[in-house]
Amino acid sequence: MSPAIEVRNLFYSYPGAEKHTLENINLVIERGDFVVLTGPSGCGKTTLCRCLNGLIPHFYGGKFNGTVIVDGLSVKDHPISALAQHVGFVFQNPENQLFALSVEKDIAFGLENLALPRAEIIKRVKWAMKITGVTELRENAPHELSGGQQQRVAIASVLAMNPHVMVLDEPTSFLDPMSSKQLFEVIQTLNKETRLTIILVEHRLDLLSPYAKRIIVMDEGKIIADGSPRSILSSKKVFSLGVGIPKVTRLYQLLLENGVSLDSPPISVKELERELRRRII
Amino acid sequence: MIKVENAFFTYPSGVKALEGLNLEIQDGEFIGIMGENGAGKTTLVKHFNGLLKPTNGSIYINGKNTRETTVAELSKNVGLVFQNPDHQLFCETVEEEVTFGLKNFGFAEEKIVERTDWVLNFLELERYRKSSPFILSGGERKRVALAAVLAWDPNILVLDEPTIGQDYLQKERLRQYIEQLNGQGRTVIIVTHDIEFIAECKPRIIVLSKGKIINYATAKEALTNSENLSKASIFPPQIAQLFTQIADLGLPKDVIDVYEAKVLIENLLKGGKRNEGV
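Residue numbers (this note's numbering), protein chains in the order written: chain A, 1 to 281; chain B, 282 to 559.
Hints may be right or wrong, so weigh each one.
Stated by the list, open to error - Result set (BS3-like, lysine-lysine): computed pairs, CA atoms no more than 27 Å apart in a straight line:
1) B:K483 to B:K501
2) B:K491 to B:K327
3) B:K483 to A:K181
4) B:K512 to A:K270
5) B:K411 to A:K181
6) A:K181 to B:K501
7) B:K411 to A:K19
8) B:K534 to A:K270
These are calculated hints, taken from the structure and not from any lab test.
Put together the whole structure using the sequences plus the hints.
Below you can see the structure in the form of structure tokens.
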């Protein structure tokens, strides 16, 4: 089976731009992975995501060189509508994505467009609502829901299309911390139970780090670091770029600068607590 | 000064957003407003420049009742920068965006040039002066939206979710801008979910939940009160969580700052201050 995503020698510049927004990206993401894509503003992360669902080059145009293969399909050779059944997109602001009069209708919309049989639509909508925890909201109007509920409905409507890859661009920007955590838990459940490949763009890594399997850092159109959350978050280079590392990891770095070395860089409060207790006793 | 007197607000749909708020914000204060989605944060700040008027109760800005004052007049004193810059930006260039408000308020040509130069320089936007706001990144557009408001120098500045889409270095710069503006005597109010940003800025904090104020305290007090924060769907910042967990090692519980944390832990590990107690 092909990997979920394969990018080879990708160069891209927007129409009229002199500089490449993406410069020689090479990347393989295996099926079932949970990847966080991060980096300073303007580093090209959103542009790279647009290459994964065909918005680039089909919608944005520009100069596109190289190969992007998603779920076995070359993005260049398939229209956005065909790719949408393989790779789902969830945006920063759910209000931009929801429009129907009820949650259920919003989730069914994409499926109705595919002209699927009624029984199949009902089955998929039920499943998507259940796994994202919005079943009890099915008759509510999306615009009356809280931000966290709206974002779960947006995920459900993407999920119903049965994609193998889901790309989420800063999905928790508008959510309070509790709703953010719940959303990450829903995404983790999907990743574990359905082996859905997750690519999540995020600046705030404090809440997210415990869920990710791999973090990719971009800067100026290039991938400059790629590895486990622990190795990436403890890297001084990554911090100096302006990546928002968790405060406990930052505390570890500050202690290290002063000659206090702990065993391994913590990425959660619990890990640092455990290490401190070990040192004291 | 902002004075909120027993303010209630109900949207036409029947949603009750504010339920009897009482609040005073003095000139020159630095305030952070936090609370769960739908707590009423944005609704509250929209009352400060008169975009919304309370259904019951009153809001006074510098002694003037907002019900008896126009939005234009209030806006001279209260600059509101919205969550989404795209709701605010519409001009062809960054420069026009910045001069728009100044022209509307009838500033003299000389003053317009002076204020525009100052704000573009202050927010490091000079190189985009002739660019369209729409080719800029989300983070840059947020800075343009701030510039457009800052240009007419309101003495109360309200920023709704200023850190969305901003990377860590941009947040650091934003914090410095805010500190400078506040240091010069302006009242600065930020509405945010970004608990780690708040822990670095350390404003006085208002915690809103379900349309009511459930805490109004210093950053240290508010951010280490996990029980209170959880009512508003907020977790304490990581440093506060850590010090709550390790309080039995003889360290203070109310720590929110990473540098303070570093000194305390350094002493703990190096000097065995553990059993000294306080």
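Query raised in the report: When the hints from earlier in the document are held up against this structure, which numbers fail?
Result: Violated: hint 5 alone.
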